[in-house]
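Please model the complete structure; the sequences and the hints are all you need to start from.
Order-wise, the sequence lines are chains A and B. If you're matching positions, the first sequence starts at 379 in the numbering used here and goes up one per residue. If you're matching positions, the second sequence starts at 379 in the numbering used here and goes up one per residue.
A hint or two may mislead.
If several chains are the same, the list does not tell them apart, and a pair holds so long as it fits within one copy or across any two.
Said to hold, decoys possible - No more than 20 Å apart at the CA atoms, straight line, and that leaves these computed lysine to aspartate or glutamate pairs for DMTMM-like:
1. K466 / E476
2. K512 / D492
3. K437 / E490
4. K519 / D574
5. K416 / D586
6. K481 / E501
7. K596 / E536
8. K519 / D548
9. K466 / E427
10. K570 / E490
11. K416 / D524
12. K640 / E405
13. K416 / D548
14. K570 / D594
15. K570 / E417
16. K512 / D554
17. K416 / D440
18. K519 / D554
19. K437 / E417
20. K481 / D467
21. K484 / E388
22. K512 / D548
To be clear, the hints were calculated from the coordinates, so they are not data collected in a lab.
Residue-level listing of the chains:
2 protein chains.
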Amino acid sequence: MMTFREIFFELHTYEQGEFYLALSSEERQQLYRYLSPKELADLFDGIEEEQEDVEQLLKEMDSSYAADMLSYMFTDNAVDTLNQLDKKDVAMYLSIMEPESAKEIKNLLHYEDDTAGSIMTTEYVAIAADQTVKSAMAYLKEAAADAEIIYYIFVVDEAGYLVGVISLRDLIVNDDQALIRDVMSERVISVKVGDDQEDVANTMRDYDFLAVPVTDYKNRMLGIVTVDDIIDVIDEEAASDYSGLAGVDVEEVAENPLHAAKKRLPWLITLLFLGMSTATLIGHYEALVSEASILAVFISLITGTAGNAGTQSLAVAVRRLAMQEDDRSFIRLIFSELVTGIITGLITGLTIMVIVGVWKHNFTLGFVIGMAMLCAITVANLAGSLIPMLMDKLGFDPAVASGPFITTLSDLTSVLIYFSIASLFMSYFIG
Amino acid sequence: MMTFREIFFELHTYEQGEFYLALSSEERQQLYRYLSPKELADLFDGIEEEQEDVEQLLKEMDSSYAADMLSYMFTDNAVDTLNQLDKKDVAMYLSIMEPESAKEIKNLLHYEDDTAGSIMTTEYVAIAADQTVKSAMAYLKEAAADAEIIYYIFVVDEAGYLVGVISLRDLIVNDDQALIRDVMSERVISVKVGDDQEDVANTMRDYDFLAVPVTDYKNRMLGIVTVDDIIDVIDEEAASDYSGLAGVDVEEVAENPLHAAKKRLPWLITLLFLGMSTATLIGHYEALVSEASILAVFISLITGTAGNAGTQSLAVAVRRLAMQEDDRSFIRLIFSELVTGIITGLITGLTIMVIVGVWKHNFTLGFVIGMAMLCAITVANLAGSLIPMLMDKLGFDPAVASGPFITTLSDLTSVLIYFSIASLFMSYFIG
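The following block contains the structure:
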C-alpha cells in the first residue's frame, strides 16, 4: 500500500480532492483507512463545500474521524463545511472534537452570512512589535506549518490590537537586528468583521492584497481573509448578478428537471400575473382592435423592442450599483438613461415609421407605431434604471429586479402607451 | 515640499493612484516634477489601464519621462498600458526607452489578447537546482526588489526549462544547507503561453495558487501569471457574460448618452428587424384577429411568458458552457431543459387556462391560450439551451446569444404557435 500513498501524495491537494470525489462510497471507505484525519483535512481544504454533498461525505466517515478531520482543517473551511450540515450534526461534531478546536470553530460559526467574519480564518501569523527581524523569522519558521498564509505578518500588541503589518518580502530584505517596530508599516488597511464580503473583495482587488486583516469595532485583530476566499466571493457575486438578470438560479446543481421547474416556476407564475394586467389592459381596447385589427399586428414588436431596451438599461444600472457609486452619480445615471432612451427611441421610432409607412402604404399608421415606440423605449429605459435604484434604497438586492421582471413590466407600460396613442387617432383608424 | 512627499508616500500605491487620477491636468504637471519615473511607475502599476484614459495621461508627460516610467512598471502592466495606445505612440515610447526594457516589453506585446501570454509578467524569481537553500535565500534578497511576487520560486535549468518549484514557505522551513533539488517539488503545475486566460483562471482558482508559471510548448519558462491579474480576468469574464445576457456592454465607461445610444442601437435595430418578422406573421392572421379580437388580448401574455422561460433556460445553458462540460452532459442539459419546459409549460398553461376560463367564462378560449402557452414555453426553453450550444460549436462566444435575442426569437415562435392553435379552433372563434 506504500505505493498508493506515494502516488497519492505526489498529487496536489486539489487533485487529491478530485480523485476522492470521483470514488464510489465503498472506495472512499478504503481511503479513510489509509489516510490520517490530518491528511484528509488537507484535501478537504481544497473542496468547494457548496458544490459537493459534504453532509453525505462526513456521514460516511466514523464520527470521531470526521470530527478530527474538521479540527485539522483551516478554521474558515471547517466552518464552511459545517454550515452545510444540520444544526444537530454540527453540535455532535463539535462535542466530539478537542475543546480548543471546537472553540475556534464556534467563534466563527456565529458570524452572519456574507460578512467578513463568515469568510475569515484565524490561522494567521501575529508577532510583537518589540522583537527583532531575526526572532520574528525564527518564530515564523515555527508558525508556518499551521498558518493559512505566511506572506503577511501582523503586529499585534498585548491587548490584541492590530498595530502594524509587515510582508514576508520586507522581513527578508531587512537587517536581522532591526526591530519590527521600525520596519513595519503602521498604516494597516483592514476590514471590520461585519463588513459585507463584497466590500472586502473590492478592498482586496483595489489594493492587490493576498490577505487582509479583519478586526472588531475596537480594532482588535480577529482573523484574516485570504485571496482564495475572495475569488470564491467574486464568483458567487457574479453568479448571483447573472442569476438575477435572468430570473433563475444558474447555480442550480440539479440536472433534475422537476427540481429545476420548481425553482423557476415562482418567477414565471408571478410574472404571469403581472402579464395578466397587460392582457386586461388590451382587453379594454378590444373594440378598437376589432375595428382596426392592424393594431394587433404591432403589439409584440413594440413590447419586444421596449423590453430589450429596458433590459439593457437595467443591466447597466445594476452594474453601476454594484460599483457603489454615490447618489449624485446615480441621479446622473438616470438622467443619462432617460436621454439614451430618447435617442434610441427616436432612431428606432423613425426606422419603424418609415418601414411601416412604406410596407403598409400608410404613414399615419407608421407615425402611431413610431411614436409609441419612442415613448415605450424611453419609459422602459427609465424603469430599467429607476427600479433597481429604488430597490437598493429600500434595502433589497437590486439584482433581484430581473430582466424578466423589467420586460414584463415594460409590456404593460408599452401597451398602455401604444393604445393611448392609437386612441388619439381612433377616428382615423375606425374612419 | 518634503512634507508633501512624506504624506504622499504614507499612502498605499493604490491610494496614490486614486489621488493622482483625481487631480486636474495642471496639478498632475506639478506632480510629475516631484515624483521620479520609478515612483510614478509604482503608482501606475495599481491603475486599471482599461478604465482610465491612460493615453491622455501619458501624453501629458514629457515623452522620455513617460518612457522611463513605462520601463520601471512591471512588464505585464506596461504592456496593458501600451495596448491602450495607438501603434505609432507605442513605437515611439519603445524607441526612447532603454533597449533592455523595450526588448522585454516587445516580447510580451505580440501575444494574442485573452491568452496566458497577454497577462503574464516576466518579473519572477528563478534559481538553479544545484544550489543550497541558504544561497537561494541570499539570491532572493537581491531579487526581491524587482520581482512581482517572491512567494513562489521557480527552478529553471541552463536551457531555460522549468524543472521545479518551491514556495518561500518551504524555503524558510527547510535546512540552510539542503539542496534545492532535494526540497523542490518536481511536479509543477503550469499553463501554456497560448492557453485561454479563462482556463488559466480556472487552474489558479482550483489549485488556490498565488501565481502560476507560463511555459512555451517545449516547457521552457516564459513568465508568471499572478493572482491579481486573475481577479481582473474573472471580473472581465463575468462582466462579459452579464453584458451578453443583457445585449449591452455594461462596462461602457461613458456617461455620455449619445455614446451609450450608439453602442446599444445595433442590437436594438437588429432585433427590430427580427421583430418585424413576428409582426408580418401576425399580419397573416389579421383576418382572424379582426373576427376574434379577443385573440389580440393574449398575444403579449404568451410571448412575454415564453420569453421569460427562454431567458431562464439561456442563462443556465451559458453558465454550464462556461464551466466547460463535455458533449454528453450537454445533450443531457438540452433534454433536461426540454422536460423542464414541458413541466413549467404544463403548470403555467393550466394556470392561465383556468384564469381565462373563469375570467372570460370561456373554457375553449382558455384551452387555446393554455395550450399555446405550454408549446411556446417548451420551444423557448429548447431554443434557450440549443442556440448557445450551437454558437459554441460554431466557434462563437455563446454569451453573445443574448437574452434580448432569445426573447425576440421566442416572440416569433410563440406567435406562430399561438395563431396556429387558434386557427384550428377558428370555426369556433368566428362562429
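Comparing the hints with the structure gives:
1. K466 / E476: So K466 and E476 pass the 20 Å test inside one copy only (18 Å; across, 67 Å).
2. K512 / D492: Result: close neither inside a copy nor across copies, 39 Å intra and 43 Å inter.
3. K437 / E490: neither (26 Å within a copy, 49 Å between copies)
4. K519 / D574: neither (33 Å within a copy, 38 Å between copies)
5. K416 / D586: Only across copies: K416 and D586 sit 19 Å apart there, 32 Å inside one copy, limit 20 Å.
6. K481 / E501: within (14 Å within a copy, 43 Å between copies)
7. K596 / E536: within (14 Å within a copy, 54 Å between copies)
8. K519 / D548: both (16 Å within a copy, 9 Å between copies)
9. K466 / E427: within (18 Å within a copy, 51 Å between copies)
10. K570 / E490: within (13 Å within a copy, 41 Å between copies)
11. K416 / D524: within (12 Å within a copy, 38 Å between copies)
12. K640 / E405: Neither way: K640 and E405 sit 34 Å apart in one copy and 59 Å across, limit 20 Å.
13. K416 / D548: between (32 Å within a copy, 19 Å between copies)
14. K570 / D594: Within one copy only: 6 Å inside, 44 Å across.
15. K570 / E417: neither (33 Å within a copy, 31 Å between copies)
16. K512 / D554: Intra 5 Å, inter 15 Å, cutoff 20 Å: intra and inter.
17. K416 / D440: So K416 and D440 pass the 20 Å test inside one copy only (14 Å; across, 59 Å).
18. K519 / D554: both (15 Å within a copy, 12 Å between copies)
19. K437 / E417: within (18 Å within a copy, 57 Å between copies)
20. K481 / D467: Within one copy only: 16 Å inside a chain, 61 Å across chains, cut-off 20 Å.
21. K484 / E388: neither (34 Å within a copy, 38 Å between copies)
22. K512 / D548: both (12 Å within a copy, 18 Å between copies)
Violated hints, listed in ascending order, are 2, 3, 4, 12, 15, 21; each of the other numbered hints is respected by the structure.
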